Structure formats: structure tokens, C-alpha cells
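A.B. asks: Those protein sequence lines, which keep their order, are chains S and L. Numbered by our numbering, the letters in the first sequence go through residues 1 to 239 in order. Numbered by our numbering, the letters in the second sequence go through residues 1001 to 1533 in order.
None of these hints come from the bench; they were simulated from the model. Nothing here was measured: the structure is a model prediction, and the numbers come from that model. We put the beta carbon where it would ideally sit given N, CA and C, even for glycine. The reader is advised that the hints may include incorrect statements.
[To be verified] Subject to a maximum C-alpha distance of 27 Å in a straight line, what follows is the list of computed DSS-like cross-link-like pairs (lysine-lysine):
#1 L:K1306 to L:K1527
#2 S:K18 to L:K1095
#3 S:K18 to L:K1181
#4 L:K1278 to S:K5
#5 L:K1278 to S:K130
#6 L:K1095 to L:K1183
#7 L:K1273 to S:K17
#8 L:K1183 to S:K115
#9 L:K1530 to L:K1306
#10 S:K209 to L:K1009
#11 S:K70 to L:K1095
[Said to hold, decoys possible] A few chain L residues that don't get close to chain S, going by computed Cβ distances all over 10 Å:
#12 S1014
#13 F1061
#14 M1103
#15 P1104
#16 F1192
#17 A1260
#18 K1529
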Amino acid sequence: MSILKIENYTKTYGGNKKACDNVCLSVESGDIFGFIGHNGAGKSTTIRAVVGVMDFDEGTIEIDGHDVRKEALECKKVTAYIPDNPDLYENLTGIQYLNFIADAFGISREEREEKITDYAKRFGIADALKSLISSYSHGMKQKVAIIGALIHSPKLLVMDEPFVGLDPQAAFTLKEIMHEMCENGSAVFFSTHVLDVAERLCNKIAIIKKGRIIANGKVEELIGEKTLEEVFLEAVKDE
Amino acid sequence: MNDQILLLKTIITSTSNINVLRHSDDKKKRSLATGNIIGFGFIYLLLAIYTGGISFGMSYFGMAEAVPGIPATIIFALSFFLTLFKAHGILFGYKEYDMLMSMPFTVKNVVSSRFLFMYFDNLKWTCVLSFSSLIGYIIGGKPSGLSVIIWVVLTFFLPVIPMLIAVFISALIGGIGAGFKHKNIVLTILTFILVIPLFFVRFFIEDTIKNNKIEEVVTGSADAFSNASGFIPTAKWFSDAVNDHNILAIILIFAISITAYEVFFFIFSRFYKGINSKLSESHTSKARVKDTDFKARSVVMSVCIKEAKRFTGSVAYMTNIGMGAVMSVVFGIAILFINVNKMISSMAGMEVDLSGVAAALVVPVLVYFFTGMVPSTACSMSLEGKNYWIMQSLPLKMMDVLKGKMLFNIFLFLPVGLFATVMSCISLKASPVEVVVALCYTITVNLFSTAFGMLVGVKNMQLDWENEIQIIKQGRAVASYLLPNMFGTMLIGGGAVALGIAFKILPITIGILSAVYLLLALLSYSKLKKYSF
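So that you can see chain L by itself, here it is in the shape it has in the complex:
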């Protein structure tokens, strides 16, 4: 068997739920693996219905030509961002590195198999997204057989280029950061510096379009995608290939994907061991222990500090969970200089007129998408991993451990949430009542996010993982938190804002919403007591 295929097969088997179901006698493990399969199956089903529905609708109403660009654009963006956030952990932070590197595999095979693992992981949702769109496109647009074949074949190449760009950036960051003493902090800062501007690229693109070609641009999300696809080469080539059977576009996708893959891994494999060696270097402090180092703390505070150290000790943890906190600060500063109406309209994807309403109360709802998207509490218990025995063997009340972890999440997200809220109140000249309501909302959603995250984190604890990225990005607990929280926030939060703006009673609806979140926070917290021992 080819070494690359052997490595890939092994890593896929070792991380698959199916292997657990086939070989484990542990009932709990089996039921968790089953739950994982069903849970992700359900998410993929929702994704398929949603994208298939959009494609069908567009095709049916005569916009079939714009359809191929939609999945291609989403696949480009998602492949890029998802890979960027997990590449460091998959390429550099894995436990079997020593074992694999000591075996007769070429460095290129080892490192490219890690990339292919990410590729196949992405391919699951790429196929769901692309093929469900294709089904909608076939039913609504009646394309030719050749278009369908081109669509199917090119789907497998669509994620390659954005993933290679993300891996290149991650390797570059790894290479630069490896030379520093405080590598984790440097790597995280470099990632933030690079990623945060990318979040604003969308607004920049839309702004450019609106300023230069306002008459040509039709509002609406479908057109936004078709416009965006013009900026993304792979999406444009995919559209041209499917719509016009453009041979050059097909060749470009094939040739660039394969050449870039070969060239990148040929070069990267030359530096890979050096980067890993540098990253594994540890620096022991020569400083002597001081009196202050013996400071006694409460159990809760001690766990909180331990969690902070765990957080700052992991690039994956900091970049994925901490991103929301950094974005809140950026948002809080930006709101002082940017037209809020324009920004909120851009985020909502439609024109929103906030004149005459308490606009400062809309901002905390938006900020919650940063501070409450994934709390540290959702993954912190699972991240204990093999160290969980320490918690278990110490004479600790589990509730104190949970309180410590929750306290860390509050320290991480509440100050930045309050900062963004206060900035919005200053920028929008909010009345004292609005300030109080906005602050109450920010505090209650933070409490809810913390307690609910902890609840799902404890209920869905996974201690045996190969790579912490499995927990932080793909963990059961994170998925169990993310979906209800995201949809809940969009429905309840969006509903409260819409109702408040429509009837000009925003302080009342946001006040009620705060009370609801407080109630949910208390409910989650009281349920946590079940896990105390």
C-alpha cells in the first residue's frame, strides 16, 4: 500500500466513530459515538435541505446561471477559515509525531497525509453542500448531462486551493512563531492579525460593489453570493465550467489544485521537521521561586487560574475560543468610527434604518455573536483529557471545579462584551435607561452562555482524543452548544430586535430578553448541580 494512503487510512480510522462502534465494548463510548453520527447526520441533513432549497428556488425563478457560484463560494470561504483554524493543531500539535517521524515514511508523505486528513474531513460537508445544491439545480434548472458531470467531478477539487492557502499561512505563522520563546502567544497574535482583517473583507467587497456599481447590483443574498463569486477565482471557474462548459476553467481548477499541492508539500516538507523541532523546544525559567509564588487561593480561583494557563498554553484553544473576545474589542473600537446603520445593514444583509429607535440596544445582540458563539466552558472539561485523573483524585467538589471554569469564561468574555456595549452606548449617545438595559443584557447573556456551555460541556465530555482540535472545533459538546445557541439567538434575539424596532419598544423587548436569558442561565446552573460530587 502507498505510504500516503496507509497514513491517511490510519488517521481516518483512528478518529472515526465507526471504528469505536465496531470495536468498543464500552456502552457509554458506543452511545456517544452513535450520538455523534446521528448529530452530525442531522446537521448535514439541515444543510442539504437549506442549500438544496435555495438552489431549486433560484433555478426555478430563472437564476440558474448564478447557482453554481453559490456552493463554490461557500466551499471556498468555509474551507479556508475552517482549515486556517485547525491547521496548526493538525500539522504541528499532534501526539503521534515522534512515532511517525521515526518510521520509514518520507516527511512529505507524513505532512501531506495530515493535509489529506483535513481534506477528507472537509469533503463530508463539501459534498453535502455541493450535491444538495446540484439536486436543486437539476430539478429547478434542468441542466445538461455534461454540466452535471462537470459539477460532480470539480466538487472534489473545490476545497483544495483554499485549504492550501490556509495551510500555507498556518505554516508561515508556525515558522515565524517557532523562533520565539513565548511561541503560543506569538502564534496566536499572528493568527489574529491575519484573520481579523479577513472578517472585514466581506464588508469591503460589498462596499466596493455598492459604491462603484450601485445600479448593477441587485440586493439580496443570492446576488451577494454571485457577486462574491466573481472575486473568488475557483468559484468563477466553477461557474464558467458548469454553465459554459469552459475547458480552460476546468483545466485551471485541475492544474492549479494539483500543481499547488505538489509544489507546496515539496517545499514545506523541507522545513517541516525544523519547525517542529523548534516548536517542541521548551524553555525552563531560571527565575527563583518567590514568596508570592506560594500565595494561597480558593479552589474556585485556583481552577480558574489553571484554566487560564491551559488557555494560553494552546494555540488552538486561544485562536478558536479567544477569537470572539478579540473581535468584540475590535468591534467596540470600530463602532466609534463607523456608521452603525451601515455596519448593521451590512451584517444583516439588508438595509436597516435605526433612526428613531434605541440603536445602542441592537449592538449587544450583535456582540453576543462574538462573545457567546463558543464559550470556553463548552470544551474545557473535555480538554482535561488524560489529565482528568488529577481532578478526580483531588479532594475537590466537582461543583467548585465547574465554578472555576465558569469564572474563567466570565473573565474572558464579560469585560470585552461590556467594553463593546459601552462603546456603542457612547457612539450612539444612548440614554441612561438604554445604557442600563444594554449592560443588563450583556451580563445576562454572558451568564447564560457560560452556564449553558458548562452544562453541555459536562454532559458531552470526551476525554480520549487524538488532537485537541477534535474537541475545540469538532467536539460533541461544542456542536451541542453551538446549534441551539445560534438558532436561539437568531430567532429570539432577532425577533426581539425586529419587534422592538417595528413598535419602537426596543428597551422593553431587550429588557424582557435579558430576563429570559437570566432565567435560562439559572436553569442551566441548577442543572449543573446534578454533576456535583
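Isolated chain S (complex conformation):
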């Protein structure tokens, strides 16, 4: 079953410059889908359109069968998004922020307590939740943003460069959670520059270059005997 379906998505800047051109891809239930490309290739522009943050010109994006433009709220209820550099409310404490997210998704007191306690423990920030976010390191903010994203058990987890700033233990925990989510029928769609992580973690990959998808499919079919790094560098090499 398709959780995320992007068809002919096109985003134009300044009237004529196409940041994304006719992008098509599909993320199925249980997929860990890696989205890779150079800086400025169109990864974040696509991701921001998927999560309903940015308008776009042409095409359709559907999440769990709902159109992101026509049924924005339905889409957002089943999606979680972690931007590359999460800007959180600096003067809230970690727990105040997580309660805000839980309130937004209508999570019961018991459920939020269970989930926040569990995830905070797994990410090793249980002791810091009562402190102001402004006192956190980048990695700690990232962890709070991840917990906030997981709190409502999303069907689709969208992440932009999720491993930047995470310590090895937290990166491992996040990968573990991504697998757990997929086992439960959710899907993960994320951009990354860390190709060896993408190769080991993802079952599907799409490569975007200058706004166009130039490769898309199952990892083993795409790379064959090569490494993802070799395939990527070959694919994005300018003619």
C-alpha cells in the first residue's frame, strides 16, 4: 500500500527556474526510502512540499490516500516531519515542547507519558527534559525534535538529514526506531548525504539531480555489484 505518492511534482522559483521538475516516486508501507542528491538538487524542496510547508505549481502529492493540498489536515495527522535544523521554541523546556506537540495531535495523558518516558530514556535525555531548550546542544534539540515526531506514531516519518548532529548511540537508536516503525506498517522517507548509511538502512532509494529524479528503485536493483557511492557519483556526474 502506498503511503506517499508523488506524481509529476514541479516547483518553480522566480517564474522560470525549476527547483523540482516532474518528480515521481512512491513510498510503500514498510519502506525505508532514502532520498539522495547534491546540495541544491531539490531534496528539501520536495520534502517541504510533502509535509505541506511549501506550495507547489504542478503535480499531486498524496499521503495515505489524501491529497496534501486538498486534505492538508488529514495528511498532517498521519505524518511527522523533522527538518534538517529543527528550530524549536527555545524558551520552552523539553517537556513543555513535547506536551505542546502531544496536545496538537490530541494524545492522551497516559499515552504521552508512556511514549515520552520511553523515547527520552532511549535517547538519553530524560534528565534534561525539565531544562529550557535554549540550554540544549544541537544534538539534544535534534533528539527532542525526534521524540516530538514519534509521539503520535505517524504512518509516514519524513526527515531531512536526520543523522546530522546525533551522537553514535542516538543515531543507532533512531535507526532502530525506523526499523520498528516499518515493521509496524509505517514508512520512513528521508534525505541524507551519508551514502553508506543509506545503503545499509534503506530498501529503496531515489537520486535527484537538478530537480529531476535520475534513479529510483530498490537498493539492490539500483546498485548491483557496486556501492551506492559509486552509483551516485556516476549518476550525478555532469555530462
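Chain S is fixed; fit chain L onto it per the hints.
C.D. replies: Quick look at chain L alone, frame taken from chain S:
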């Protein structure tokens, strides 16, 4: 919990000093938050004493009917201007936009919660102003209980209409500017084009009144307000509601506030994401790097240029700080065509006869209200925000950084201040001595404003902010600069001018004043060295 209330509660908590006091262990942060609360409490107290005193005086001397119009007029004007200058930053330039828009909130709830945040922020001083006036009115005028109830209830609706007008204008400017490549410059120019004429509306209104109904108009600030309230519908309705218990006036305030709110946000929410998407578009230049791009500069000049880029990169920074510079230029041009006696009388709120005195020396004192009201130095250190680490980690002397920032402020305000001064000297046919004194004054006040602004800017640096408007409009450094500078200028500058006009020794008093400002500038500058490392 209702989504709108949830969003509002969160944004208020995340920007409140009380939350910092409750949860931070950082002593510096706690003391800064305490200072903020005490500082603003003191300002509100002064405001309450002032407005309460005026209301009591007017009521006591039989002008109670004019009293309700005063706070209503001030609330209309302040709500409009304060919202206009911060609306763009609050509606469009906030960091959590992506996070909020990706969550299951309707666009209308997100955008209206931003408006409500501004509303509650304004409500603090609105209540202080209105209720202190009410207390003066009750003591001096002995109104009926119903009048008091109407006053209290309607106070909460008074800021809504002017704020909605300001937000509508800001949204319109945002929508138009978003389509351009150089959005920040276009947005700033549009704001200036719109706001500058509004500054002259007051003079226009007064002029109209004086020309058409001169016999009916009694001079004095109280009457000026009561006349102005006739031009402002909400102030008129408020007066009618409180004085005459006019049901129609009450209904008009309620109905228009609520309907305008609902209609505006219903329409605006349809365009909001589109405007934000356009505003977040970045245009990368295809131009290749040239030899001249590698030009080496001194640290001070380099910091100055970086500050100029920071300035032109922010609509909020340009419109709020740059407004004084633009107004100086407008003033400098206007003075060539406008009767100076009339203009100064209008600004002073009373008839001023400048014949026989060196009038050209009065103008620089007035121009300083534009060029020295808030210098860029007062907020530039705080605006470094999360980028402050760059300054800290580079092998720079902090004094060089401060010098660079001060140099930018001098470049921003000194030329325009000198322009206005020279224009006034030409217009008023000043003698060579008067020209020299006027120029000296303009230079020394600029140096003072720059150095004093830098001093309070460094001492009250706030690096963790949600929105740059918090620093530019409501920052501790700006408040610490604004109050002593404003009152000091009004007292010392006003005193020197009054003394000079009375005894016809204006060149001497302004000359002495220049020396005082130079001394204060040097004192501030020498204190800055304490922060060098």
C-alpha cells in the same frame, strides 16, 4: 484544548520571562529576565501615572466628556503603528514556521494565533493606559457604574481594528513584495512609502482643523486628542459608548472587531502559505566571482560591511531602524518648502515664534529625534543571535567588532543628519557661525547615539530569541537606550533650545550642548573598552 488557544499559549510561554525564571538555572538568564520584568514594570508604572494624572486633571476641571477619547485615540495610533512595524516579522519571518505548518493545524489557526500573540502583547500596555485613565476618570469625574463597565469591556476590543488594518497592510506588502527577486528591499520601500505619509497625517489633520474651524478649536494637547478622536471611528464610538451609553456605538465596536477578524483571517489564510513559499524562495546568483570580490579590508571595515548586509537582509531591521534615516531625508527636503515656524509649532504642539533667533539651530535638535531615536548599535550585538559563535571563534579583538558596528551606524545616520541640517541652514539662511554650530551639534549627537547605543547593546546582549522583532522592538538593549535618550533629549535639548530662544543665545546653548554630547560620547566609548578582549 482548542488549537488556536494551544498555539497561543505555547508562543506566549516560549517568549515569556516568567518561563525563564521558572525553569532556567542560568543565573545570568534569570537576572536578565528579572531585569526585563522590573524594567517594563517601571515603564508601565510611569505610563499609568502620566495617563491617570491627565485623566484626573481633565475630569476634575470639568472636561470629563473628553477623557474617554484620549486613551482610545492613543490606543488606536499605537496599536496601528506598533503592529505595522512588527507584523511582517511575526507573521512571516519566524523560525518555527516549518514545524507548525507540518502539524495538524489549519492555516487559519496558525496565522490567527500569530495575530493573537501580537494582540496579547499589545494588551499589556493597552490595559495599563486605559485602566489608569479610567481610575483618573473615576476619581475626577465620578461617572456612573455603567460607564465604568462599558469602559472596561470595550478596552479589550479597542486595539483589534487598528491591529487588523496594520496586519492587512503588512500582508498586502508581503504579498506584493514576495514576487520580487530583491524581496527585502522591495518590502522595506513599500513600508516606507506607506508609513511616511501617515506620520504627516497628524499635521494634516491639525492644519485642516485650524484652517476651517479656528474659532472652535481650543489649543492644548487635551483638545488636540479630543479633536483627533473625532477622526478615529473607534475612539468616537468609545467616547459615545462611555459618555452616552450609546448602544449603537457599543455594537459597532463589537461587531466590526469580530467580523473584520473572522473575514480577514478567512481570506488571508488562503494566501498565507503561498506568500510564505514565495518569501522563502532564494535566488542564487549565476555571476562568477571577480577579482574585486577578493578585496582585502580592515577588520573594522569588514565588520561594518557585514553589518550593512545584515541590515539590508532583514525587513524588520531596515524598517524599524532605517525609518529614522528616511525621515531625516524627508524632513531635509520638506524644510525647503514648508514654513519652519509652522512646522516646529505643530511638532511642539504650541505656537513657537522663531523670528529673531537662530532658527536653523532648532532643526538639528528635532532631527535628532529621527537619527538618534534607536541606533543600529543598540540591537546589532543581540541580532548576532546564533551566529555569535563566529565572532567569538575568530581571532578578532572585540573592540574592532564594536568599532565596525559603530562605523555602520555612523554611515547610516550621520550623512542624513548632516543633509537635514544643511538643508535647514539653507532654508533659514543661517549665518556661518550658526552653520558651524549646527554641524557640530549634528556630529556630536551622532557620535553619542552611536557609542551609547553600543554600550547598552553590549551590556544587554540577548542572543537566544525566537524572532528578531523581539530584539529590534522589544529588546532590553533598545529599551535601555530609548528611555534615557528620549527623556534626556527632551529635557536637555528642550531646555537648551528654550533657554536659547528666551535669551536669544541659541548658538551658545547649542554649542554647550554639543560639548556635553561629545563628552558623553567619549565616556560611553571609554566604557566600551571594558568589553574588549
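A.B. asks: For each hint, tell me whether it holds in the structure or not.
C.D. replies: Outcome of the hint check:
{"no.": "1", "hint": "L:K1306 to L:K1527", "result": "holds (24 Å)"}
{"no.": "2", "hint": "S:K18 to L:K1095", "result": "holds (25 Å)"}
{"no.": "3", "hint": "S:K18 to L:K1181", "result": "holds (15 Å)"}
{"no.": "4", "hint": "L:K1278 to S:K5", "result": "holds (24 Å)"}
{"no.": "5", "hint": "L:K1278 to S:K130", "result": "violated (38 Å)"}
{"no.": "6", "hint": "L:K1095 to L:K1183", "result": "holds (18 Å)"}
{"no.": "7", "hint": "L:K1273 to S:K17", "result": "holds (20 Å)"}
{"no.": "8", "hint": "L:K1183 to S:K115", "result": "violated (43 Å)"}
{"no.": "9", "hint": "L:K1530 to L:K1306", "result": "holds (24 Å)"}
{"no.": "10", "hint": "S:K209 to L:K1009", "result": "violated (42 Å)"}
{"no.": "11", "hint": "S:K70 to L:K1095", "result": "holds (25 Å)"}
{"no.": "12", "hint": "S1014", "result": "violated (4 Å)"}
{"no.": "13", "hint": "F1061", "result": "holds (47 Å)"}
{"no.": "14", "hint": "M1103", "result": "violated (5 Å)"}
{"no.": "15", "hint": "P1104", "result": "violated (4 Å)"}
{"no.": "16", "hint": "F1192", "result": "holds (24 Å)"}
{"no.": "17", "hint": "A1260", "result": "holds (25 Å)"}
{"no.": "18", "hint": "K1529", "result": "holds (30 Å)"}
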